[in-house]
Amino acid sequence: MYLLGCSDGYQQAGADLVYVLDIISLGAGLAAISSDQSLSLFNPLRLGQGPLKRLRTSHGNIATAKAYSVAESIVATTGENGTVCLWDLRLEPGDAQVLELGGNETSLLSLACSPSTFSVSAGTELADHQASVLIWDIRQGSSPRIKYAEIHSDDVTELNFHPGDPNILLSGSTDGLVNICDTRITDEDEVVVTAFNHGSVHRAGFLNNTEIFALSHDEKFALYNIAEGDQGSLSSLNMGDAREALGCQYVAHIFPKPNGVEAIIGVGSQSQQMFQLIHLAKAETWGVDQASSVGLPGAHGEEIVRSFCFLEGQDVVFTAGEDGCVKAWRPGA
157 MYLLGCSDGY QQAGADLVYV LDIISLGAGL AAISSDQSLS LFNPLRLGQG
207 PLKRLRTSHG NIATAKAYSV AESIVATTGE NGTVCLWDLR LEPGDAQVLE
257 LGGNETSLLS LACSPSTFSV SAGTELADHQ ASVLIWDIRQ GSSPRIKYAE
307 IHSDDVTELN FHPGDPNILL SGSTDGLVNI CDTRITDEDE VVVTAFNHGS
357 VHRAGFLNNT EIFALSHDEK FALYNIAEGD QGSLSSLNMG DAREALGCQY
407 VAHIFPKPNG VEAIIGVGSQ SQQMFQLIHL AKAETWGVDQ ASSVGLPGAH
457 GEEIVRSFCF LEGQDVVFTA GEDGCVKAWR PGA
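In this note's numbering, the protein residues as written are 157 to 489.
Keep in mind the hints are simulated off the structure, nothing from the lab.
Cβ coordinates follow ideal geometry from the N, Cα and C atoms, glycine included.
Be aware that one or more of the hints could be misleading.
[Unchecked claim] Taking CB as the label site, the calculated pair distances span:
#1 L208 <-> S299: 19 to 25 angstroms
#2 N217 <-> D310: 15 to 21 angstroms
#3 G170 <-> E248: 30 to 36 angstroms
#4 Y406 <-> L208: 27 to 33 angstroms
#5 D310 <-> D445: 34 to 40 angstroms
[What the hints assert, rightly or not] In silico EDC-like links for lysine to aspartate or glutamate, alpha-carbon gap of 16 angstroms or less:
#6 K413 <-> D397
#7 K413 <-> E468
#8 K376 <-> D397
#9 K413 <-> E344
#10 K209 <-> E236
#11 K303 <-> E344
Could you build the full structure based on these sequences and the hints that come with them?
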């Protein structure tokens, strides 16, 4: 295992413990959302100086954030009040919220963004026996252009657009299903082109044009091949319980690499105060190489690491945790 040390960090202040829920690498810096309902922007080279900007969101209980445009530093956020907000973090705080969508729906839990088609998608929690996937064209006002209300029967916890075809949308739910939808189809009986019954979905996304990963809330991890039609067979890796397979207590996230044959799995062990980045790669088949894993000793103490990200071309890892901290990790620190 290759070890990195904590070289810099910042802890959210306040009388109550604040969780940092997610961090996102952008052109203008490092964006973070927190349980105090804030959206912050940090200089990734000077975390200890605190946020460059700190914005108060109006979601009531912020659920998630996704980059709409990394280069332009535009972030989408959503949460309990049923709205999706777009923020341009290059602007002054008073001008940073550039768009608000929705507001007529129940609490929103998940987001996906496709700037090439000006699309934002959000997934609702189950309310009145219905959970929906909504898609907006941000040029056409605050009402969604598409609403799928029958493709899931419980909370929609994950959404991701296909890396090569923005008409294809992955949705995951606590009903156990990961659906691959063709959003050019409005008929709900036909929109799901492939479905996988994985178990209550915590994380799911595209590894490449034909393969996806899914992680359940009980840490079951597997890859699926969407090119094999609606039979939805397992791909070349069915890990089962990732905690047993990877020697950890939880999986924080999986980040695919752009080359389509690699991904990084972030796993943690609170009792050992350790967080690891494990390399998942495809040669003839998919497999993990734990011997080449990167360890972050100390991690966030006994608190869970919620998110991690990288700076392209730099030897640094950023983590965010339930201790209210954002940390930078570098070799030799």
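Hint check:
Our hint of 19 to 25 angstroms for L208 and S299 is violated, since their Cβ atoms are close to 34 angstroms apart. Between N217 and D310, the C-beta spacing of about 19 angstroms keeps the proposed range 15 to 21 angstroms intact. Distance hint for G170 and E248: a CB-CB separation of about 24 angstroms, inconsistent with the stated range 30 to 36 angstroms. A C-beta distance of roughly 31 angstroms is found between Y406 and L208, which places it inside the suggested range of 27 to 33 angstroms.
At roughly 35 angstroms, the beta-carbon separation of D310 and D445 lies within the given 34 to 40 angstroms, and the hint holds. Simply put, K413 and D397 have alpha-carbon atoms about 23 angstroms apart, too far for the 16 angstroms limit, and the pair is violated. Among the hinted pairs, K413 with E468 is consistent with the structure: their alpha-carbon atoms are about 11 angstroms apart, no more than 16 angstroms. Of the pairs offered as hints, the one joining K376 and D397 holds, with about 4 angstroms between alpha carbons and a cut-off of 16 angstroms not exceeded.
Distance check on the hinted pair: K413 and E344 sit about 32 angstroms apart at the alpha-carbon level, beyond 16 angstroms; violated. Under the criterion of a C-alpha separation no larger than 16 angstroms, the hint pairing K209 with E236 is inconsistent with the structure, at around 23 angstroms. Note on K303 and E344: the hinted pairing holds, with a Cα-Cα distance of about 9 angstroms set against a maximum of 16 angstroms.
Comparing the model with each numbered hint stated earlier shows that hints 1, 3, 6, 9 and 10 do not hold.
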